[in-house]
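Chemist: So the chains spell out like this:
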Amino acid sequence: MIEIENLHKSFGSLEVIKGIDLHIRPGEVVCIIGPSGSGKSTVLRCINRLEDATSGRIILDGSDLSDPATNINQVRAEATMVFQGFNLFPHMTVLQNVTLGPVKVRRMSKEAADALGIELLQKVGLAEKAGSFPDQLSGGQQQRVAIARALALRPKAILFDEPTSALDPELVGEVLEVMKQLAREGMTMVVVTHEMGFAREVADRVVFIDQGIIQEENTPDELFGNPQNPRLRDFLGKVLSHG
Amino acid sequence: MGFTFEWQVMLETFPLLLSGVKLTIIITLGGLFFGFIIGAVTGLMKLSRSRFLRKLAGIYVESIRGTPLIVQVMFLYFGVPMATGLRITPVAAGIIAIAVNSGAYIAEIVRGAVQSVDVGQTEAGRSIGLTRIQTMRYIIWPQAFRRMIPPLGNQFIISLKDTSLLVVIGVAELTRVGQEIIAVNFRAFEVWLTVGIVYLMMTLSIAKVLQMTEERLEKRSAR
Ligand SMILES: Nc1ncnc2c1ncn2[C@@H]1O[C@H](COP(=O)(O)OP(=O)(O)O)[C@@H](O)[C@H]1O
Ligand SMILES: [Mg+2]
Numbered sequence: 001m002i003e004i005e006n007l008h009k010s011f012g013s014l015e016v017i018k019g020i021d022l023h024i025r026p027g028e029v030v031c032i033i034g035p036s037g038s039g040k041s042t043v044l045r046c047i048n049r050l051e052d053a054t055s056g057r058i059i060l061d062g063s064d065l066s067d068p069a070t071n072i073n074q075v076r077a078e079a080t081m082v083f084q085g086f087n088l089f090p091h092m093t094v095l096q097n098v099t100l101g102p103v104k105v106r107r108m109s110k111e112a113a114d115a116l117g118i119e120l121l122q123k124v125g126l127a128e129k130a131g132s133f134p135d136q137l138s139g140g141q142q143q144r145v146a147i148a149r150a151l152a153l154r155p156k157a158i159l160f161d162e163p164t165s166a167l168d169p170e171l172v173g174e175v176l177e178v179m180k181q182l183a184r185e186g187m188t189m190v191v192v193t194h195e196m197g198f199a200r201e202v203a204d205r206v207v208f209i210d211q212g213i214i215q216e217e218n219t220p221d222e223l224f225g226n227p228q229n230p231r232l233r234d235f236l237g238k239v240l241s242h243g
Numbered sequence: 244m245g246f247t248f249e250w251q252v253m254l255e256t257f258p259l260l261l262s263g264v265k266l267t268i269i270i271t272l273g274g275l276f277f278g279f280i281i282g283a284v285t286g287l288m289k290l291s292r293s294r295f296l297r298k299l300a301g302i303y304v305e306s307i308r309g310t311p312l313i314v315q316v317m318f319l320y321f322g323v324p325m326a327t328g329l330r331i332t333p334v335a336a337g338i339i340a341i342a343v344n345s346g347a348y349i350a351e352i353v354r355g356a357v358q359s360v361d362v363g364q365t366e367a368g369r370s371i372g373l374t375r376i377q378t379m380r381y382i383i384w385p386q387a388f389r390r391m392i393p394p395l396g397n398q399f400i401i402s403l404k405d406t407s408l409l410v411v412i413g414v415a416e417l418t419r420v421g422q423e424i425i426a427v428n429f430r431a432f433e434v435w436l437t438v439g440i441v442y443l444m445m446t447l448s449i450a451k452v453l454q455m456t457e458e459r460l461e462k463r464s465a466r
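Chains D and W, in that order, are what the protein sequence lines are. For the first sequence, my numbering gives the first residue as 1, with consecutive numbering after it. For the second sequence, my numbering gives the first residue as 244, with consecutive numbering after it.
Honestly, I wouldn't trust all of these hints.
[As the list claims (entries may be wrong)] Covered, in the sense of this in silico footprint (three residues per stretch, anywhere, with C-beta under 8 Å from a C-beta of chain D), are these stretches of chain W: (1) 358–367; (2) 376–388.
[Claimed, not checked] Covered stretches of chain D (in silico footprint by chain W; criterion: 3 or more residues with CB under 8 Å from a CB of chain W, positions within the stretch not fixed): (3) 77–84; (4) 100–110; (5) 148–160; (6) 200–210.
[Stated by the list, open to error] Cβ pair distances, simulated, as ranges: (7) Asp64(D) <-> Val284(W): 48 to 54 Å; (8) Asp221(D) <-> Val284(W): 55 to 61 Å; (9) Ser291(W) <-> Gln211(D): 34 to 40 Å.
Think of the hints as simulated: they come from the structure by calculation, not from any bench. Note that the Cβ used here is the ideal one computed from N, Cα and C, for glycine as well.
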């Protein structure tokens, strides 16, 4: 589904990603954990081509992202993104936020897109908010709308970049619940998260990134239960004592 | 030789100015209409990925902002026809001058407003597969446009006052009409006072409409 081979990314002279290989299978849920500044977001942003890789290959459902012949807009719609800060479009209603992609990118009719939009809003439990504007919603509700917006493209995978980090603690659960449901339905998901409980429960595989490389990857049971890498042990010691 | 203020002159002057008011408004609106188109295009050029377009827009904006409007007007009305053989009417020259002049300032307004929209909005648009142009059209521009309204209102007031400089090419706008009245009655004090009051009434009305628009927008965003 997503094949990352020897990914390198530098910002100017700062090398942030120093050779990452990661293959994600269809239907797999991969959680990426690691200290802040270690390059987790950058990996996701390279998959969605919000950043151009410095070198290496990323193949998304058969399309090579570095190939100039690839229609980057269509490829992006196959791996949509959910951001830490939601980034809903404030001048559009909730339903318009969700249907913009289907109408403009997938060339769906407005009626079909509205029907799809309502269906997806029902899925995230917000059908009654279809006509509201984003600033009328709580953070948790906004993030659920953002998930519906990402789903509306019928993507092959969804990339989550710390989807609950900007939320008040009491709102985290409702967003994780929606994500768990997606995982159960077989959606391919790459999730950068600090929610170790979520990673343990939902992930098929957990990847620990530090200093721009994958230091360790394993099933959640193994990675959390029997961490090998000293940096990982140190990291888990810190986050688990906080959470 | 004592000066006696004559109310009567002001009252008589007022209706005589109306044709000038009309032309002032026409030139201002016409100039700003085209000025907005020029400004939107150049403002977006300044944000373009192409170095050439950015430079081109920069040269235009700097040339206009760095020279007096009166020189621009004279150049357009007296200079350009001499070089090209194309004659234009004073009113057309006035509209073009206001358009070209305000366009440079509006370009900066547009650029600033577009840049002020959070980069996360662009990323969200691109991440669902919208092209750069679609992202601009459906996501960035509508948000930027709201932020342009106050500075555009300001530019409206500035351009309206600027039209008085068109007196140098003989456009029969408000200032020119005032001059012509004085040539007949020699009552400079009363006539210029009246002309000033008429300008003030127009600029205050624009400011008022602007303030109401801003309040309405604020209410909507504080929903
Ligand atoms: N656009 C950018 N320009 C320069 N440096 C950046 C940029 N984006 C990220 N970085 C740097 O790259 C490093 C990794 O960032 P990021 O991928 O956001 O880390 P994480 O998501 O793991 O916290 C950080 O040191 C960050 O400062
Ligand atoms: Mg990050």
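Chemist: Which earlier hints can't be squared with this structure?
Modeler: 6, 7
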